[in-house]
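Protein chains: 2
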Amino acid sequence: MMEFFFKPKSVAVIGASSKPGKLGYVCLKNIINCDFSGDIYPVNPKAEEVQGIPAYHSLAEVPGEVDLAVFLISAKFAVKTMEVCAQKGVKAVIIQSMGFKEVGGEGKLIEEKIVDIARLNNIRVIGPNCSGIVSRNIATTIYPMEAEIPNGNVVLIGQSGLLAAGMASDIVVNQTLNINKVCSIGNKCDVNENDLLEYFGDDEQTEVISMYLENIADGRRLVKIAKKVAAKKPVIFLNGGRSTAGAKAAMSHTGSIASSAIVVNTAIRQTGMIAADDFTELMDFAKVFSTQPVPTGNRVAVVTAAGSVGVVVSDLCEAHGLVLPKLTAETIESLKDVFEENMPPDNPVDLYYSITKIGLNKTLETTLAGPLADPNIDAAILILAGFEYSMEPIEKKTVQKIAKQYGKPIVICMLIGHNKYKNIIREELGKDLPVFTSLYSGVKALSKLCEYGIRQHKRETLNEN
Amino acid sequence: MMEFFFKPKSVAVIGASSKPGKLGYVCLKNIINCDFSGDIYPVNPKAEEVQGIPAYHSLAEVPGEVDLAVFLISAKFAVKTMEVCAQKGVKAVIIQSMGFKEVGGEGKLIEEKIVDIARLNNIRVIGPNCSGIVSRNIATTIYPMEAEIPNGNVVLIGQSGLLAAGMASDIVVNQTLNINKVCSIGNKCDVNENDLLEYFGDDEQTEVISMYLENIADGRRLVKIAKKVAAKKPVIFLNGGRSTAGAKAAMSHTGSIASSAIVVNTAIRQTGMIAADDFTELMDFAKVFSTQPVPTGNRVAVVTAAGSVGVVVSDLCEAHGLVLPKLTAETIESLKDVFEENMPPDNPVDLYYSITKIGLNKTLETTLAGPLADPNIDAAILILAGFEYSMEPIEKKTVQKIAKQYGKPIVICMLIGHNKYKNIIREELGKDLPVFTSLYSGVKALSKLCEYGIRQHKRETLNEN
Chain S
20 MMEFFFKPKS
30 VAVIGASSKP
40 GKLGYVCLKN
50 IINCDFSGDI
60 YPVNPKAEEV
70 QGIPAYHSLA
80 EVPGEVDLAV
90 FLISAKFAVK
100 TMEVCAQKGV
110 KAVIIQSMGF
120 KEVGGEGKLI
130 EEKIVDIARL
140 NNIRVIGPNC
150 SGIVSRNIAT
160 TIYPMEAEIP
170 NGNVVLIGQS
180 GLLAAGMASD
190 IVVNQTLNIN
200 KVCSIGNKCD
210 VNENDLLEYF
220 GDDEQTEVIS
230 MYLENIADGR
240 RLVKIAKKVA
250 AKKPVIFLNG
260 GRSTAGAKAA
270 MSHTGSIASS
280 AIVVNTAIRQ
290 TGMIAADDFT
300 ELMDFAKVFS
310 TQPVPTGNRV
320 AVVTAAGSVG
330 VVVSDLCEAH
340 GLVLPKLTAE
350 TIESLKDVFE
360 ENMPPDNPVD
370 LYYSITKIGL
380 NKTLETTLAG
390 PLADPNIDAA
400 ILILAGFEYS
410 MEPIEKKTVQ
420 KIAKQYGKPI
430 VICMLIGHNK
440 YKNIIREELG
450 KDLPVFTSLY
460 SGVKALSKLC
470 EYGIRQHKRE
480 TLNEN
Chain Y
20 MMEFFFKPKS
30 VAVIGASSKP
40 GKLGYVCLKN
50 IINCDFSGDI
60 YPVNPKAEEV
70 QGIPAYHSLA
80 EVPGEVDLAV
90 FLISAKFAVK
100 TMEVCAQKGV
110 KAVIIQSMGF
120 KEVGGEGKLI
130 EEKIVDIARL
140 NNIRVIGPNC
150 SGIVSRNIAT
160 TIYPMEAEIP
170 NGNVVLIGQS
180 GLLAAGMASD
190 IVVNQTLNIN
200 KVCSIGNKCD
210 VNENDLLEYF
220 GDDEQTEVIS
230 MYLENIADGR
240 RLVKIAKKVA
250 AKKPVIFLNG
260 GRSTAGAKAA
270 MSHTGSIASS
280 AIVVNTAIRQ
290 TGMIAADDFT
300 ELMDFAKVFS
310 TQPVPTGNRV
320 AVVTAAGSVG
330 VVVSDLCEAH
340 GLVLPKLTAE
350 TIESLKDVFE
360 ENMPPDNPVD
370 LYYSITKIGL
380 NKTLETTLAG
390 PLADPNIDAA
400 ILILAGFEYS
410 MEPIEKKTVQ
420 KIAKQYGKPI
430 VICMLIGHNK
440 YKNIIREELG
450 KDLPVFTSLY
460 SGVKALSKLC
470 EYGIRQHKRE
480 TLNEN
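Heads up: the sequence lines are chains S and Y, in that order.
If you're matching positions, the first sequence starts at 20 in the numbering used here and goes up one per residue.
If you're matching positions, the second sequence starts at 20 in the numbering used here and goes up one per residue.
Honestly, I wouldn't trust all of these hints.
Note: identical chains are not told apart, hence a pair may lie in one copy or across any two.
[What the hints assert, rightly or not] SDA-like mimics (lysine to any residue), calculated; alpha carbons at most 25 angstroms apart, straight line:
#  : residue 1 : residue 2
1  : Lys41     : Thr375
2  : Lys41     : Pro363
3  : Lys28     : Ile136
4  : Lys127    : Pro363
5  : Lys376    : Pro363
6  : Lys267    : Arg318
7  : Lys416    : Asn442
8  : Lys38     : Glu407
9  : Lys450    : Glu407
10 : Lys439    : Ile413
11 : Lys439    : Thr299
12 : Lys416    : His437
13 : Lys41     : Asp58
14 : Lys439    : Asp451
15 : Lys38     : Lys381
16 : Lys376    : Gly118
17 : Lys243    : Met21
18 : Lys439    : Glu414
19 : Lys95     : Asn361
20 : Lys95     : Lys355
21 : Lys38     : Gly71
22 : Lys439    : Asn170
Quick caveat, the hints were computed from the structure, so don't treat them as lab data.
Model the full assembly from the supplied sequences, consistent with the hints where possible.
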């Protein structure tokens, strides 16, 4: 059934508009612009055509079958339109309007009626109070997609409208994350996180799932499904409303009775999901998990030109369960030409002398590559600065090449420099690799990857025995 | 005595160079380019002039008195040069070379001899293994200062060479922080954090002190001095090497035996210093403390267009000791025109409807200003997105004007949008106000300011009674 949301053969846009700025305009435009190859039926009581496509005054007048109907209409017309969907045999409905359970009163009653109609007629409903779907195949979202949507390996599930749509727009335009789908579930009157987790858990293209929830629809089912899915692929989870203040805000946002921190933390522990603390982490962790190989250990090489950064990264690593082992004698021997005699290679690996001697690009080819080749090392943290001398490896994609060669994860932290160069590093290197602007965030993200890798490795070892 | 470092009448640059790229080139150039009005004496055994200034083959040949001598020479010449400094009556020395205690062996012995000469001759020494001073009045640092150094209210003290210099360069070029001085203290063979804390504690231009240390020179004295200074102005403190791994790295970086986390945490508790966890926080907290008024409470208004962001900020606020009170009836009444009837103003304050109705700029003038005027509110967290509609308030400096009007602190978090607009917000708004790229970092920084404000307010109340 979920296929009708993500691979419909035909879609009706109810409330489609020719007026730029209107949600019904943006949504239809996104559907036209993405790779959707099925039939598109704009529905608008006053239009003969919308954005160059023949329109229908009501859904009932649409000539062909409709797999998916997207509602961009006022809540007060929603029940009537659901009834028409039932008569028409629509399989899936996305309600991208607000004014339902989250506002209480009449809105809550309308939402209940919609659910009744859906159940009775075997229609699945996403929303209401959501911003729809973003994928290359079908994009119903309410933010303009200003670039081609990737066909990647990350799925975002968000119990939020604006933010999910805004994140999708950010990701698509800035090319920061290789998404496959962004799915906003809003009030989740019917389809909830469990349905989607199960679906994306089985979906081969989905390699990483990031999920924002303001309440848990069915805790027992979540634990059961998430356990199964998290054994196969990383599930990153941000829970909103776990505090008293947050729960109050969640109530007014999606009409949710939020789950307490205790319940959520227990669910996370039992399932092996990866907890994120804010939206930046939700994205950052997804970036790391979707671009970096999964290590089997937590032994990190820290590669930096500044000694003090090495010290603070070491502290943060220890606080986050990462260790900095000695490099092997072979690695030390292989690096000694680019180190001063009285300052032999160590971990943290100090690039300073080498950079002054042979430049950053060649330094990385030896002094980042060496530790990555070391059997004592599972992963690397590379510190870059936003100065002109950093541009050569960015242009030559040196870090990307080294990363590929050794098959070990790398995270980059960028602390200082000129905005001009920092922006280039963030934008160019950031397309391929995770680039952080604080040591804390880089170390934390890598620690999550290592934790996951160790757990998966244990699981596999147990299964083999 | 410390005045000879920061307000010398004459400076000798020992190892001054005409060769771009050399540290002795950059250092001299920085001194020439800053507002230093005293005599400059380049010393170079092979040059008659350096960068257009008459040079001397040795310090002994310098005709006038020398207040400050900066060493950019190999460690092996350092003892001999110190002896000449003593004969010459030099008052202050900054040793910006490496190869001393941090490399052990001979380097350690050289450093000990330097200290002996200094003590015997009443010379104060900063360094070695440091990158010098950055201030408008005197800039000896080893990174080129590519813009005018501010004459602001923040002092950074760093037991690190490259990073202190790199941060200074970042701050000066990007105009991110209103610094007064950056002072790199390296191995601190003589001048240490206590001397500088005491000096800057009494300095009226210094309103915020940010400090990075890899070890504590004298714990008892630090507690005594920091207690006194922290009662007058915020002292932000990042301690490197507090873990086993970090201590090992610190040993190889500055030859320091690092202090354990327990000792450092006790010192922080006893003195009222503000703990930072990494360099980004060291800068971020300085930004907040140096640009924002100090509140007397922890009651926060969260102002956002996205409900989910309000939920997660609420969670983070509660975790960091901030509360989200109800707005007063007067504030709610004053805002009701820009809210939907079924979604009255609340805290988090939801901007969505108002933005769609009157645009972001007018929305801020009502819906950011209203909560800030509210007597229930001590501070605000504003969430902005990097889209075109955010450019009007950036151009008009609307947030800055509102911030000034109400005298309450504001931090801005920017989560989503296009890099183009995000960069403008970060760079333009970031010159005046603290702009964060994660909710976690913004909430944490504000919580530190509120903690500090509440403590100071208690202190003042106690003093009055």
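Consistency of the hints with the structure:
1. Lys41 - Thr375: between (56 angstroms within a copy, 10 angstroms between copies)
2. Lys41 - Pro363: between (64 angstroms within a copy, 23 angstroms between copies)
3. Lys28 - Ile136: Result: close within a single copy only, 23 angstroms intra versus 86 angstroms inter.
4. Lys127 - Pro363: Classified as between: cross-chain Cα gap 17 angstroms, same-chain 69 angstroms, threshold 25 angstroms.
5. Lys376 - Pro363: For Lys376 and Pro363, only the intra-copy Cα distance (15 angstroms) is at most 25 angstroms; the inter-copy one is 64 angstroms.
6. Lys267 - Arg318: For Lys267 and Arg318, the Cα distance is within 25 angstroms only across copies (16 angstroms; inside one copy 42 angstroms).
7. Lys416 - Asn442: both (16 angstroms within a copy, 23 angstroms between copies)
8. Lys38 - Glu407: between (46 angstroms within a copy, 19 angstroms between copies)
9. Lys450 - Glu407: Both ways: Lys450 and Glu407 sit 19 angstroms apart in one copy and 23 angstroms across, limit 25 angstroms.
10. Lys439 - Ile413: For Lys439 and Ile413, the Cα distance is within 25 angstroms both inside one copy (13 angstroms) and across copies (19 angstroms).
11. Lys439 - Thr299: both (22 angstroms within a copy, 18 angstroms between copies)
12. Lys416 - His437: Both ways: Lys416 and His437 sit 20 angstroms apart in one copy and 23 angstroms across, limit 25 angstroms.
13. Lys41 - Asp58: Within one copy only: 22 angstroms inside, 68 angstroms across.
14. Lys439 - Asp451: both (19 angstroms within a copy, 19 angstroms between copies)
15. Lys38 - Lys381: Close across copies (23 angstroms), not inside one copy (55 angstroms); limit 25 angstroms.
16. Lys376 - Gly118: Close across copies (17 angstroms), not inside one copy (65 angstroms); limit 25 angstroms.
17. Lys243 - Met21: Cα proximity of Lys243 and Met21: one copy only (19 angstroms, versus 66 angstroms across).
18. Lys439 - Glu414: For Lys439 and Glu414, the Cα distance is within 25 angstroms both inside one copy (15 angstroms) and across copies (20 angstroms).
19. Lys95 - Asn361: between (77 angstroms within a copy, 14 angstroms between copies)
20. Lys95 - Lys355: between (74 angstroms within a copy, 23 angstroms between copies)
21. Lys38 - Gly71: This pair counts as within: shortest intra-copy Cα distance 12 angstroms, inter-copy 67 angstroms.
22. Lys439 - Asn170: between (30 angstroms within a copy, 24 angstroms between copies)
Violated hints for the displayed structure: none, as all numbered hints are satisfied.
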